Each structure stands twice: as C-alpha cells, then as structure tokens.
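Undergrad: Here the protein sequences come in this chain order: W and V. Quick note: to get the working numbering, add 4 to the position in the first sequence (first position is 1). Quick note: to get the working numbering, add 4 to the position in the second sequence (first position is 1).
Source of the hints: derived by calculation from the structure; they are not laboratory data. Computed from a prediction, not measured in an experiment: that's the story for all the values here.
Listed below are the simulated DSSO-like cross-link pairs for lysine-lysine, each with C-alpha atoms no more than 27 Å apart in a straight line: (1) V:Lys-225 x V:Lys-240; (2) V:Lys-423 x W:Lys-423; (3) V:Lys-113 x W:Lys-293; (4) V:Lys-317 x V:Lys-79; (5) W:Lys-113 x V:Lys-293.
There are 2 protein chains.
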Amino acid sequence: MKQQSAETLTITGALGDQARGKILVTDHPQRSLIERLIGLANYPPVEILVAGQRVYTAPDSAGRLLLRDGATLMKLARHPEFQLGELYSNGDLEFEGDIVSLLTAIFQKLPDFSQRPLWIRLLGKLYLLRNNTISRAAHNIHHHYDIGNEFYRLWLDTEAMQYTCAYFPGHDATLEQAQLAKLDHVCRKLDLQPGQTVAEAGCGWGGLARHMARHYGVKVKAYNISREQVAFAREKAAAEGLADRVEYVLDDYRNLQGEFDAFVSVGMLEHVGVKNYPALGQVIRGCLKPEGRALVHSIGRNRPAPMNIWTEKHIFPGAYPPSIGQFCRIFEPNALSVLDVENIRLHYALTLKHWLARFEDNLERVRAMFDERFVRMWRFYLASSAAAFACGELQLFQFVVSHCQNNDVPMTRNFLYRKD
Amino acid sequence: MKQQSAETLTITGALGDQARGKILVTDHPQRSLIERLIGLANYPPVEILVAGQRVYTAPDSAGRLLLRDGATLMKLARHPEFQLGELYSNGDLEFEGDIVSLLTAIFQKLPDFSQRPLWIRLLGKLYLLRNNTISRAAHNIHHHYDIGNEFYRLWLDTEAMQYTCAYFPGHDATLEQAQLAKLDHVCRKLDLQPGQTVAEAGCGWGGLARHMARHYGVKVKAYNISREQVAFAREKAAAEGLADRVEYVLDDYRNLQGEFDAFVSVGMLEHVGVKNYPALGQVIRGCLKPEGRALVHSIGRNRPAPMNIWTEKHIFPGAYPPSIGQFCRIFEPNALSVLDVENIRLHYALTLKHWLARFEDNLERVRAMFDERFVRMWRFYLASSAAAFACGELQLFQFVVSHCQNNDVPMTRNFLYRKD
Numbered sequence: 005m006k007q008q009s010a011e012t013l014t015i016t017g018a019l020g021d022q023a024r025g026k027i028l029v030t031d032h033p034q035r036s037l038i039e040r041l042i043g044l045a046n047y048p049p050v051e052i053l054v055a056g057q058r059v060y061t062a063p064d065s066a067g068r069l070l071l072r073d074g075a076t077l078m079k080l081a082r083h084p085e086f087q088l089g090e091l092y093s094n095g096d097l098e099f100e101g102d103i104v105s106l107l108t109a110i111f112q113k114l115p116d117f118s119q120r121p122l123w124i125r126l127l128g129k130l131y132l133l134r135n136n137t138i139s140r141a142a143h144n145i146h147h148h149y150d151i152g153n154e155f156y157r158l159w160l161d162t163e164a165m166q167y168t169c170a171y172f173p174g175h176d177a178t179l180e181q182a183q184l185a186k187l188d189h190v191c192r193k194l195d196l197q198p199g200q201t202v203a204e205a206g207c208g209w210g211g212l213a214r215h216m217a218r219h220y221g222v223k224v225k226a227y228n229i230s231r232e233q234v235a236f237a238r239e240k241a242a243a244e245g246l247a248d249r250v251e252y253v254l255d256d257y258r259n260l261q262g263e264f265d266a267f268v269s270v271g272m273l274e275h276v277g278v279k280n281y282p283a284l285g286q287v288i289r290g291c292l293k294p295e296g297r298a299l300v301h302s303i304g305r306n307r308p309a310p311m312n313i314w315t316e317k318h319i320f321p322g323a324y325p326p327s328i329g330q331f332c333r334i335f336e337p338n339a340l341s342v343l344d345v346e347n348i349r350l351h352y353a354l355t356l357k358h359w360l361a362r363f364e365d366n367l368e369r370v371r372a373m374f375d376e377r378f379v380r381m382w383r384f385y386l387a388s389s390a391a392a393f394a395c396g397e398l399q400l401f402q403f404v405v406s407h408c409q410n411n412d413v414p415m416t417r418n419f420l421y422r423k424d
Numbered sequence: 005m006k007q008q009s010a011e012t013l014t015i016t017g018a019l020g021d022q023a024r025g026k027i028l029v030t031d032h033p034q035r036s037l038i039e040r041l042i043g044l045a046n047y048p049p050v051e052i053l054v055a056g057q058r059v060y061t062a063p064d065s066a067g068r069l070l071l072r073d074g075a076t077l078m079k080l081a082r083h084p085e086f087q088l089g090e091l092y093s094n095g096d097l098e099f100e101g102d103i104v105s106l107l108t109a110i111f112q113k114l115p116d117f118s119q120r121p122l123w124i125r126l127l128g129k130l131y132l133l134r135n136n137t138i139s140r141a142a143h144n145i146h147h148h149y150d151i152g153n154e155f156y157r158l159w160l161d162t163e164a165m166q167y168t169c170a171y172f173p174g175h176d177a178t179l180e181q182a183q184l185a186k187l188d189h190v191c192r193k194l195d196l197q198p199g200q201t202v203a204e205a206g207c208g209w210g211g212l213a214r215h216m217a218r219h220y221g222v223k224v225k226a227y228n229i230s231r232e233q234v235a236f237a238r239e240k241a242a243a244e245g246l247a248d249r250v251e252y253v254l255d256d257y258r259n260l261q262g263e264f265d266a267f268v269s270v271g272m273l274e275h276v277g278v279k280n281y282p283a284l285g286q287v288i289r290g291c292l293k294p295e296g297r298a299l300v301h302s303i304g305r306n307r308p309a310p311m312n313i314w315t316e317k318h319i320f321p322g323a324y325p326p327s328i329g330q331f332c333r334i335f336e337p338n339a340l341s342v343l344d345v346e347n348i349r350l351h352y353a354l355t356l357k358h359w360l361a362r363f364e365d366n367l368e369r370v371r372a373m374f375d376e377r378f379v380r381m382w383r384f385y386l387a388s389s390a391a392a393f394a395c396g397e398l399q400l401f402q403f404v405v406s407h408c409q410n411n412d413v414p415m416t417r418n419f420l421y422r423k424d
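This is chain W alone, in the form it adopts within the complex (with noise of 0.2 Å):
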C-alpha cells in the first residue's frame, strides 16, 4: 500500500549501528580542536582532511570535508553550526561527494538541540528576542526575496514561481507537476466553490492566487510586502487576463481587510515570528466569515529550536520554523478550531533537490548576476535545507482551520482524494 520513497531514501544514507568513527593522528597541533569537533558532531559518517592530511576517518562515510588549515579547522571547531556554511562560502572548506548526502549524513548523528552545549543554545536563543515589527519585516523581506526575480526565476519551476514546497502526486513528478499539484492539494483543502472569495497573507509572485481565479473561479485579495514580487505578480495576471479576479496588495498582512470566505498562507509564517501568531491569529479571525476555513502552510519542526544561526544571517533573516505547540498559539487564543494537519517535509527535501540541480545547471548565469561567494551561499543554503528535510531537522506542517462553532465542514477527508 505504500507509496515507495525510493529517491528520499537515497539521500538519506545508512542510519543506526554505525561503528564509531576515529580520529587518526595522533601528534597533530590541534588533536584536541579535532576531538571537540567530532565530538560536537557526535562521530560523523566522513573523512575530515585538513591542509591535505587525513586526520579523521569513519566507516559507510558519506564524503569528505576539506579543511584548507588549521585555521579554518580552529573556526569550525569554535562553532561548527555557524562556521560549516561560512568557511564554505568563503572557500576555506570544500565537501567532496554528494553534498546533499554528506550533509544528511553528518545531521543525522547530531544531538538533539536540547542536548547541545549550553553557549549553542544560548546564541540561537538570542536570536528569538528578535521582534518582526511591521518595518523590520519589511527590511527582512527586502533582503530575501528583492534581489531579482530573473535569479528565482533560473531555478523555480517555470508553471507558477513557487519558492515553496511541493507535492509530488509521485516520484516521477516534474517540479512543475508537483508545484501544481500542490497548489490544487491547497485549494482542495480550502473547499474552494467558484464566486467565493479568498484573502492570501505572504503571496510569493503571486502563483497561488492566480492558479485559484483560473481554475476554481474565486476572487483573491493576496498581500505581499515584498516590491520586486508585487510587481511581478500584477504583471503576470495583467498579461493573463486575471487582473479582475487577482488583487495583489503591496502590504503587511496586519493591514488585511473584509471578510472571505476562505484565508490562505503558503511559506509566510517563517518570517512571522512567535511572538505576532496571536495577531495573525486574530487576523484570521477576523476576515473569515462564519463558515469559512483557512490554511497556513510552514516550514516546522518536531520541538522549539533556534533557525540555524549562518542561514537566519545570511539567508532569512528574522526567520523562525515553529514547533506544532507554537503553531497553536496562531489558533488557541482566536476561538479557531484544527481540522487537519498534514506533514509533507520528505515533499520539500525532493522539492529542495529539484531546485539545487536547476540551480546547478544555470551556474554560469548565477555568476554573472553575483560573485562566487554568492553562488557557494545559494549552494549550502539549498543543500543544507535538503539535508536538514531529509534527515527529520526540519517539518512542513499544513494546517487546515476553521471558526470553533462551524459545522458545515467535510465528515471525512475522502474529497480531498476522490478523482474528479
């Protein structure tokens, strides 16, 4: 019955009675920076060389990590959490093998991160004191996702431009197969019935909206605060001729106003911050009428824990994937009731490869927009998050909501799957 995950499961490597690697110098000046490393690790399944020389080794090794010298080596001893993606950005570390494999490897021995020093979770814990007012929201967005369609567009799928996950109705799905299907498992979910009306918090370059007004014949208000994709987004339903049914509104989804019979956010609520999930909450809340039902999909994971400290710098910044309990603080205080939730992070980490290997194939024209710098950044980064799906680090939890008194909601979930 069991719908075989044949490629996942070749990124994920061999898992459990591993023997133990071993360090394999004795004399060498940092014995003791390498014995805190590998134990920091928890005994990764890699060769680890350092200036050209072997020094530490383990059996069903997923690759090599090439450590320039033993500088490099005393920074990523330091903070191997910050410093991995770092030092391979600089080109200070190279990974030799499959980078997806070998950093699923090396994540799966990782202790829990409760169980890490105390200083790693101090430092990711600072990170959490941070507030996404509206304009640092702004400024947060601005970094991400501004810095030129034409580069998403090199290596998103080329139907709807989603830089979310997405769902493959089977292994041999396209990318762009499977960012449909997704979009329709979303729309699904809604219940969605032509002449209704949804509100979109976090619309991306507008997919979404437009997949629902051409296909299920609702009108979408769908708000974003990020220009380069608002700009994109009203061009693209201009030039389809779904300007009418479309309304892209370059603004924070605490402005959103009226009332819908259906709410939806798909990849925003990492950049909301704990913190502002009672006001989203409200939001929802307050625009759905009675009888209507919201979806918030979002990265998550299986308990609290810090956003990788090198990808919130770098990457995303103000970011934060919550843990179910936190994903309940958006409902709890707002009188909303959890109809369904669905985990599809093994969709992200295929979703995540996809990307990494288009990404791969347009490197040349990467470069030329940026520097080299920037195209190691962008590699880790899509490699490190495969890695981090693929190995359980991180969830992607779809929520299905709706007001607490609403009866007129599906018994079973069999219409989600009934062939139409």
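Got chain W sorted already, so can you dock chain V onto it with the hints?
TA: Quick look at chain V alone, frame taken from chain W:
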C-alpha cells in the same frame, strides 16, 4: 464536493444574530438570581420556568428548563456548570424538548472558559492539580469501566463494543458500520501489514485488538487496567479463536514491554493526565521499532480548559481532554514526529446520539440494574457530551506519529482513501 452533514446540523441549532432573551418577571423575589444565571449563561435561547412560572424567554427557543422551586434556582445560579447535571440527576430540574438540541443551544452561547468568572476558573483548575498515579488510575478506571459489561452491552455497538468515537462513512451508516469503519480507519493509518506486531494501550473490551488480528494478520499485545474489560476481552478472543494472536495484559500502560511495529491507543489519553504525557511518549518511543508508527486517538479541545466538573466528579474521575499544544507534550520531548492530525468531532456528536437513542430504548433494563438517579445521570452525561461535540466545545483528534528520523513513511495520504 462536500459531504452534507444534515443530521449534525439539526442538532446544532441556529447561530449568530439571535435577538437577546429577556427576563419576564419584574417583582420575582429571586429576580437577581435569575439575572445572574442568565448573565453567566450569556442569554441562552431557551425558556426557564421556576415552580411553573415562566421567568425567562428568548427568541428561537430550543426548549424549556423546568426548575422545581426557588431553592433549585439558587443552586443553579450559584454554580451552573456543576448544578445543571446535578439538579437534573436529582430530579429537581427537567428539560422539555430534545435534550441534545437544548443543551447544544445552551453550550453554544456560553462564553469561552477564559472569559468565565474567576471563581469558576479557579474551581476548574483545582482538578488539574491531581495526578493520575498508577494506583489512582486504577481507582478511576474501576469507577467508570467496571460498573458492568452488561450495562455497556445495552447501548454500545454489537459488533466490536467500542466505547470511543465511531467514524461514519456516510450519514446513513449504522453504529455498527461506523464502529467497524473507525477500526479500519485506525488500522489503515497504522499501515498494518500481515505478520507485524502491535502494542495497544487502553484496549477497552478488546474489539480493536481482535479486529487487527483477524483482518490485518497482526499479533497484538493489549494493555488495560479494567478487570471486567480484560476478562470480557479474553473470553471473546478465546471464543473467536484469536487467543494465539491477541494477548490481553491486565496492567498499566507504563509497564508496557517489548518492541513493536505499531503502537495504538484509542480513547485512553483522556485518562492519562497532562503530567504523564512525556512518560507516555517515552513508552511509545521505547516500544516502537525504527520504522514503526503510532496512533493516539483522544477527545481534545481547541484550547486548554478543565473538564466539566460534574462529569469529572460523577462519570470520569481524573479525566482531561487536552489541546493540541498539550498533546505535543507526549511527542516533543521524545523525538517523535507528528505526521498527521485529523479532527473528527462531528463523528463523536453522531456516535453519542446513537448511544443515547439505544440507552433510551433500554431504559427498563438499565433501571433494573441501577436506579432512577443513575438513569438520569447517564442520560445527562450522554446528551451533554453529544452537545459539547456538536457545538465545538470538545474535539476528537487522531494523531499519527513516528520516530523523527523515519523516512519509511507514505509520501501522501492517498493510501488511506484508496478503495481496495
């Protein structure tokens, strides 16, 4: 696309813009008590009569509350959440009209628990201080489940004797069909394969264990601390030739031993107590093979609130329905990953209506076993529970989880809904 929930809707009553009810007497000696009661209940859409005199009415009234006398009014106004059931059980209060519709109409208007008066909230919280130790749990379970298999047999389904929420494939399904459908829904979510082993915590009269063994070819070890239930379950399994495949263990789930392909618990979590959730998670983590999956099915809430005090005292000592956030205390500390959450509360409203109807059909036999007060207590318990699910005060959650690094999980939920 939506499955019409006609029957459920009829028990829901009208919502929204009802005109407010009004007090009909100006010079009644207990006018201030009436005002207090109506205020606490937020102007319910019912009529209230005290000693035959109509003292309160509301538009779209769902029925009448007949209070014997002024003393009854005083008790009810003092602590309505407890006294509604208490006065009805004693015969001091009668419901005129369909009892489920009437209670649903009252519950729908009640303010959220967090908005109720401080003394009501404090009283409710007192019960949370109790802990279900192994010996107290045994006492609690004995109180409810050991009052006689013959009694439960009168009004539960005849197929599997399920005292938990059924799953109605359609509204015309019988209780028997719906309970078998529930068992299959659970087994499909667990993706059971012939030859596998299953641990069950809190097995009731053993119906799920026998169903799994008979129809899915698995071996089951099922735990329960109710002597009467275990005796019944063992006898049934022997009579049906399943004794070699189902072992019923008269012991607390915390003593569960062994390693299994699946763990399942249907309707036990309500009796576990939030303090013991991490320990339950430890049991799941400890007994589940690396690629196993677990299902926990329980009554829950949209946000934390204490059990209704009357029900806790008379029907379910030590019981507590958790919010999703509280549910997560089972999984988060134990490196378990939530794959799927389904809320099927409307199915429990229907299930309870079926139980109540069968209970009423067997009144004379219940009276012969117990007494009139027992009859009224159980009628109130079944009807008020149906109303609580119908108005969205209670939820029914099914959680499916696995170890956090398990990638051997279905990519989609299609397999749950595929016709074999």
